[in-house]
Amino acid sequence: MSETASLDIRKDVFVTNLLGKVPSEHRESFTDAQLQALKVALGARTWGAHAVDIRGTLRIWRWRYYYVFLAGRNLRTLTGREETVYRVAEVAFLIGFLMFSTVLGIIALYLLKSILGIDLIEGYSFGVWDWFKNDIMWK
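Residues in the sequence shown are numbered from 11 upward in steps of one, following the working numbering.
Treat the hints loosely; a few may be bogus.
[As the list claims (entries may be wrong)] Result set (DSS-like, lysine-lysine): computed pairs, CA atoms no more than 27 Å apart in a straight line: (1) 21 <-> 49; (2) 21 <-> 31; (3) 143 <-> 123; (4) 49 <-> 31.
By construction, these hints were calculated from the structure, which means they are not laboratory data.
Because the structure is a prediction, the values reported are computed rather than measured.
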């Protein structure tokens, strides 16, 4: 391997991080071919940065347990089944949000009507204004 390739592999971000974790007396003992092989073997596990990446170990009694909590955007392509589930969930969320917003809007308009003293049906009330006035506003 040429000297330029040797410098290139040792300047690689993965190799630099890997060598940073190796004791100093062993860092220079790796050949470029070994570093390249380590990069190929272990570098495939660097999937990318996650928005949340919490890793640690817990020592309980004689054993050590590890935990990993990862969260981030899914950049993988979805399978056909996953795509279908995603679309159904998206439509269900949209319908639920629209229904909630509609009900909230109707209640807000009804309360506004009641505040202004407008009676749509003379002598009849749904009781929403009385509930709002007595239980929410004046507590």
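Results of checking the hints against the structure:
no.	hint	in the structure
1	21 <-> 49	holds, 12 Å
2	21 <-> 31	holds, 15 Å
3	143 <-> 123	holds, 13 Å
4	49 <-> 31	holds, 14 Å
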